[in-house]
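Numbering (our numbering), first residue to last: 22 to 249.
These are computed hints drawn from the structure, not numbers from a lab. Backbone N, C-alpha and C define an ideal beta-carbon position, used for all residues, glycine too. Treat the hints with care, as some may be off.
Stated by the list, open to error - Simulated crosslink set (DMTMM-like; lysine to aspartate or glutamate; CA at most 25 Å straight-line): (1) Lys113 - Glu198; (2) Lys215 - Glu171; (3) Lys110 - Glu198; (4) Lys110 - Asp196; (5) Lys224 - Asp58; (6) Lys224 - Glu171; (7) Lys215 - Glu66; (8) Lys110 - Glu230; (9) Lys110 - Asp164; (10) Lys89 - Asp222; (11) Lys53 - Asp234; (12) Lys113 - Asp196; (13) Lys113 - Glu70; (14) Lys215 - Glu109; (15) Lys215 - Asp154; (16) Lys53 - Glu109; (17) Lys89 - Glu108; (18) Lys215 - Asp153; (19) Lys89 - Asp165; (20) Lys110 - Asp217; (21) Lys113 - Asp158; (22) Lys131 - Asp164; (23) Lys131 - Glu198; (24) Lys110 - Asp158; (25) Lys224 - Asp165; (26) Lys110 - Glu171; (27) Lys110 - Glu70; (28) Lys113 - Glu171; (29) Lys215 - Glu108; (30) Lys53 - Glu230.
Unchecked claim - Computed beta-carbon distance windows for the label pairs: (31) Ile238 - Thr192: 28 to 34 Å; (32) Lys224 - Phe187: 45 to 51 Å; (33) Phe236 - Trp88: 26 to 32 Å; (34) Glu230 - Ile139: 31 to 37 Å; (35) Trp88 - Ala228: 23 to 29 Å; (36) Leu220 - Pro127: 46 to 52 Å.
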Amino acid sequence: MKWFAFLLLIIFPTFVLAVSSGGLGAFSTGLKALDMDSLNTSLSEHGYETLATNQFTLGGGGYALVWKRFLFGGEGYGILPNTLDGEEKTAKITMGYGFGSFGVAPVITKHFLIAPIIGFGGYGILMRLIPDDIERDFGGILDDPARISELTTSGFMTTFQCKAYFLFPFTSYEDRESGLTVGASAGYNWALRKGDWSLADFKVHNAPETSMDGFFIHVEVGGYGFNM
């Protein structure tokens, strides 16, 4: 669950800052479609199970509302870890991505907000290959540490999405309102640059081209606070 703790470390301060300084923040879960055909072909050829196209995501983010119309902030997400069984071996795959984003809210009322968002950031994929007969004795590991291989790839990515929130005000002070927000977002992530696969900082040859392109949809729950 280290990836989950890392996401919380990024998301929670953004969430609090957005709400306290004038904006909104939310935790999010949803589905993301991934085009992993090339990677799945390689996995299948070498005796592993393959990745499903649709993956569950968990994350969130926050946005500051500037001049009652413009949104500036960021988002971060993790794909729930995948464990793929193989022939006397196992592949454990974790993936994550995040963006610095901005948008404009053409519709913002006392109870509703709609905003198209564009963001720029990156993604990362870690694949750990573990043999079934892994050495579990401390001394044995020291004698022969070459038991697990960790392959990584990362790249730059952009997002295009639309967010819609229902606003439920709880408190009001002068022109400022704050409360609960429930909403949804949908869009597409596209890799600006697909990275190479690496093993211990060494480039891996003949590796499949892999990115995290694909459509997504999220359900979001959080809070807001800004001047109406």
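Numbers of the earlier hints that this structure fails to satisfy, in rising order: 1, 3, 4, 10, 12, 14, 15, 16, 17, 18, 19, 22, 29, 34, 35
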